[in-house]
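J.: Spelled out, the chains give:
There are 4 protein chains.
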Amino acid sequence: MTNSIKKSILVSIIGGSGYTGAELIRLISRHPYFTLFQVVANRNAGKKIEDIFPHLRHLNLPDFISFEEMIFDDVDLIFCALPHATSQEIIIKIPEGIKIIDLSADFRLEKVQEYEKWYGQKHIAPLLQEKAVYGLTEIYKEKIKKGSLVACTGCNSAATLYPILPLLNDGVINDDHLTINLGAGVSGAGRDAKQNIIHAEVSEGVKPYNIGKHRHIAELEQEFRKAANRKIDITFIPHLLPQNRGVIVSIPLSLSAFLVHKTLEKFYKDSSFIIILPIEEIPATQHVRGSNYCHIGVVSDHANDRSVVISVLDNLIKGSAGQALQNANIMLDFDETSGLLESPIFP
Amino acid sequence: MTNSIKKSILVSIIGGSGYTGAELIRLISRHPYFTLFQVVANRNAGKKIEDIFPHLRHLNLPDFISFEEMIFDDVDLIFCALPHATSQEIIIKIPEGIKIIDLSADFRLEKVQEYEKWYGQKHIAPLLQEKAVYGLTEIYKEKIKKGSLVACTGCNSAATLYPILPLLNDGVINDDHLTINLGAGVSGAGRDAKQNIIHAEVSEGVKPYNIGKHRHIAELEQEFRKAANRKIDITFIPHLLPQNRGVIVSIPLSLSAFLVHKTLEKFYKDSSFIIILPIEEIPATQHVRGSNYCHIGVVSDHANDRSVVISVLDNLIKGSAGQALQNANIMLDFDETSGLLESPIFP
Amino acid sequence: MTNSIKKSILVSIIGGSGYTGAELIRLISRHPYFTLFQVVANRNAGKKIEDIFPHLRHLNLPDFISFEEMIFDDVDLIFCALPHATSQEIIIKIPEGIKIIDLSADFRLEKVQEYEKWYGQKHIAPLLQEKAVYGLTEIYKEKIKKGSLVACTGCNSAATLYPILPLLNDGVINDDHLTINLGAGVSGAGRDAKQNIIHAEVSEGVKPYNIGKHRHIAELEQEFRKAANRKIDITFIPHLLPQNRGVIVSIPLSLSAFLVHKTLEKFYKDSSFIIILPIEEIPATQHVRGSNYCHIGVVSDHANDRSVVISVLDNLIKGSAGQALQNANIMLDFDETSGLLESPIFP
Amino acid sequence: MTNSIKKSILVSIIGGSGYTGAELIRLISRHPYFTLFQVVANRNAGKKIEDIFPHLRHLNLPDFISFEEMIFDDVDLIFCALPHATSQEIIIKIPEGIKIIDLSADFRLEKVQEYEKWYGQKHIAPLLQEKAVYGLTEIYKEKIKKGSLVACTGCNSAATLYPILPLLNDGVINDDHLTINLGAGVSGAGRDAKQNIIHAEVSEGVKPYNIGKHRHIAELEQEFRKAANRKIDITFIPHLLPQNRGVIVSIPLSLSAFLVHKTLEKFYKDSSFIIILPIEEIPATQHVRGSNYCHIGVVSDHANDRSVVISVLDNLIKGSAGQALQNANIMLDFDETSGLLESPIFP
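Those protein sequences? They're chains Y, Z, P and X, same order as listed.
Following the working numbering from start to finish, the first sequence increments by one per residue and tops out at 347.
Following the working numbering from start to finish, the second sequence increments by one per residue and tops out at 694.
Following the working numbering from start to finish, the third sequence increments by one per residue and tops out at 1041.
Following the working numbering from start to finish, the fourth sequence increments by one per residue and tops out at 1388.
Just so you know, the hints here were simulated from the structure itself, not pulled from any lab data.
Keep in mind it's a predicted model, so treat the numbers as computed, not measured.
All C-beta atoms in this analysis are idealised placements derived from N, C-alpha and C, irrespective of residue type, glycine included.
Be a bit skeptical, because a hint or two may be false.
[Said to hold, decoys possible] Short, incomplete list of chain Z residues facing chain P, as computed with Cβ under 10 Å:
1. R373
2. F400
3. H402
4. R404
5. P430
6. H431
7. A432
8. E443
9. S690
Start from the sequences and build out the full structure, keeping to the hints where you can.
T.: Take a look at the structure:
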């Protein structure tokens, strides 16, 4: 990765008033080469960013603008942090030549039929879909480097794919069915007010949701199939956890911990952010909170031909805004770690 | 269930200064027929209960005493809420004829060799072990009725066994291996100060623990084998959750939700506390908090020949003190619900 | 307190789908003499209560109905748990002769001008206002007994008034200005989705709100003036706390702890629910959670002519549904503690 | 502030296994000019830092050593993050010429008699005390620049002093008594296991502590007296909050919000980290979490000649490790913001 001295890069954000938008602003403000030029938030256009995000008050930020007010000249890169469906509508309006990092689900599924099946609506930009690169950074780095539109991986999918894809790639996993037990912090549900995420509903409790229906199943199936060259059935059990940040995935495997660990350690040996813990060490979401790191642990099960692999990441960073920035670094030929090396905040 | 003899029953608690002890005191204080006579807590002997548990201040409670000060005459029943190993040492000193409900792990494993393997020490009361009844109430009601020593089920085990035993009993499950994903609130780790349970370590995070090593695996294997008449392998993945109360278990099954649901509904149709939710409804720990209820949900998986069964209970009540009281009611021929009908506290 | 006429009393709830409504349902279901007849919730009319409150699933409850469907014959008492303004509109439609306990703010202020000033709208039932009794139970017991419409105290007001009114009554406080530091759990903000109460906004943080503007100031000023026979200025500093239940009030006083403690102990010596802790002991909200108890502590300050009085209660119980039930017991001549003696749930 | 290009500065930490130590390590690892040379932690000597703090695993850190193993040659600066009393014992053993930043309470009180009164033990380094500079950065910058031993302010004191000292300095406050209502996150109590800070005791509740006895009163009195040239009496009401990080202070004042706001805005107009919010805006701890910023808000009270001033900071950063690093920057003539400009992490 070349770290050539470049002129400052002008970036814009579309969809700046959600949690992911705020994280993008925060991370970009500390990036050595990126300058934040415009932040679009249609509902908040004209407002100061600090009125929506008081924690960013000390930054010298431009006010929110509407998409109509956006200026595209000189913009090198746009981060699009809109809800799915809205994202496609906006992205088809962006002039060609500007690199786009999309954080929504709109361009993650290679087959638009899959999109239509899981998201229940017609895809309006199938031609753009063909150009989109799936943004799971460590796996698709070479494609991302050449891409013009990167579709960032969902936070739950990223936490699941990092430990499993290398095992499927290498043919280590023989099973045709995997159980993915997942826990996700509340911030993954966004900042819009909904009864099921108010504090009194969530705190001091845990509740599974969308079993058998979660849309990230589509991404997982796509990527599992590509890696394994066969269909892998998935039982996906997501839980809403009483915490703000963090995704944890634990997956039982009919494989020895040693083999799993060796395979993952080899695959990620040069990775800056995917850290394979020493064998038998168990990761925790609080140890990656606020950072772009993903910790993966491999633990022997009771019976020694079985093991459990566990991965944790911060859904708003490695699962979203940090992943997007890492992809942007790669697209623009910067060191992929630029602006992303802050350590986790613990406790 | 007849609640015939209505004279007041004198009960004592040994091990009253932990969370389980406090819950026993709280529940017994509202029991229509039980009177709390003595509360033993060696380390706190001589202290007022309200100095250790200010939330019980309004009750007119006796001071903590030491085991040496205990009076056994007229005592009908003793609840023993001591740590494992300590429990056996005390219980062998209790005069015969007094019914005992033990909340520790000391008498849960029918084979003392299993105890010695999992708990790493010699069992000092193997003869008492032979008399002990495993206290999983709804399953062993008839044995408990006639028992003199009941060994209450661990909270994690109870949450796991309730949904699974009826399926094994009926031969519905064909698999020889089950994956048990479990989340447990912090109160299950007790009230003794340990670094890993201080607020700053636990809150805003989730961490698996004791994968492949958790001692409740021994209980689960014992009960699974008895129900299925064969060995069932277990992958047990417990997580420490950032909440005080609650155990949640989610178990993927290679069975249709319909069959699982029908079997469980039939088995628990007359149960006062085990509630089978309508099919496809997902339970949550916050909906049983502070109560003796256990909610079980059955949900179809993505592929329709698979399903996920989920159970939730309050570890300190249905998983411990409430279960103990329910067993006591049964042993003494009261209605099993006496003193246990309070609804969950939500939010 | 005589609990003479023991026939079952038919009660109804209007506004049953908020947290206060749920607590009323829960408490009434365990009341020895009250039977829950109807639960009105216009937006949820026709739905099962368990669909809105899964934690009440085990109770054999009637479905929600609309106000139009309500039957008034045989109803002895109605609890009205609606938002302010809506409450008056409904209460004027209730046939005379039915006792009403209103949990809203609509009838708390004796002067309708004050209502109009603080709530920014015309009071539409000024004649009813004249009949309303302020429902601060321990202070107004005699009036409540004879009342037909009781306006329950706000949770923040109750926590503030309990420690202060006896001191003003007795002329112990000479100051004309009091500082009231208050912390309140999130459930006090209700169950309607609002961005400021979603988990990610509230947890792991504390934020003051409505300083100098909180509507409970009006109640406090009214009651302070009545007790002291002069105007007492109030600096009221409420904080939103990252917890579901609990109100805490701490008030610095230019009085010795001894005098404050003696006055409060004397005043509440026969109270069932207001507990004055031993002098110098500090209360905590977690020690009254889930109960109708209010703990009050008096602590010496650094300089010994000063002290701090602290009170804690559960906003949904002693601050709302429990207070309402206690008032109902008094109005209907039952023992005031009926259905309210459950101990706090800790931890 | 000169930001001259300097050679790398070698720093060491004594007391590296507490939360403050971990924050020092984290911040120093990102400092542009500081290199972390040694981390002393006697109880953990020989262990890897990542075994104690898994969130710092990705950093290439030296193992913990004992104080005896420490090398002083070439060390420019030592951060001492030990408990009080232990700190003095160690600091007197450090060779002269090495600059020391002490994070304990040992050198905060100018008069050793005050130390002995509040901390209940003899001060063993009274001569060092004479050289110590009180480390409240924005107030004592000039003294810190020339100091050899800086005694960092306690987190609660810092949050209190920032809004009040400028008002006392300017003679704006006429009162001789101030009420300081404070809330503090659990991490301020350290990482050693104590029953009162385990999750089940703290979460979902709030409890005042040490009213009239908190040792930070001594610091506050000292600094108030110096600023006002008279004794200011303090009523200090600290609360333990159910959150990990954050200190909030709210102080009622008999002054108009306008005057308070103007005075503070003028005083801090060039400050990098003390941010005065627009008048009437209320700060929140979650908006400074994980950062070195302190937000101060000034709000009008109900009566318009009164106001409330509120300040918030992260106890582990601006209240401790960040403050220490800022002081180190000043002592060594770097820009005071070096390594400290990360934005808060929200949510």
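J.: All hints, please: hold or fail.
T.: Hint check results:
1. For R373/Z, the shortest C-beta to C-beta distance to chain P is roughly 5 Å, which falls under 10 Å, so the interface hint holds.
2. The interface hint given for F400/Z holds, since its Cβ lies 7 Å from the closest Cβ of chain P, which is under the 10 Å cut-off.
3. Taken as an interface hint, H402/Z checks out: its beta carbon lies about 4 Å from the nearest beta carbon of chain P, inside 10 Å.
4. Below 10 Å, beta-carbon pairs count as interface contacts, and R404/Z has one with chain P at about 6 Å; its hint therefore holds.
5. Interface restraint check: P430/Z against chain P, minimum CB-CB distance 18 Å, threshold 10 Å, status violated.
6. Checking H431/Z against chain P: minimum C-beta separation of about 21 Å lies over 10 Å; hint violated.
7. Taking 10 Å as the C-beta cut-off, the interface hint given for A432/Z is violated, the closest approach to chain P being about 24 Å.
8. With its C-beta approaching chain P no nearer than about 33 Å, E443/Z sits outside the 10 Å limit, and its interface hint is violated.
9. The closest approach between the C-beta of S690/Z and any C-beta of chain P is roughly 5 Å, which is under the 10 Å cut-off, so the hint is satisfied.
Hint compliance for this structure: hints 5, 6, 7, 8 are not met, and every other hint is.
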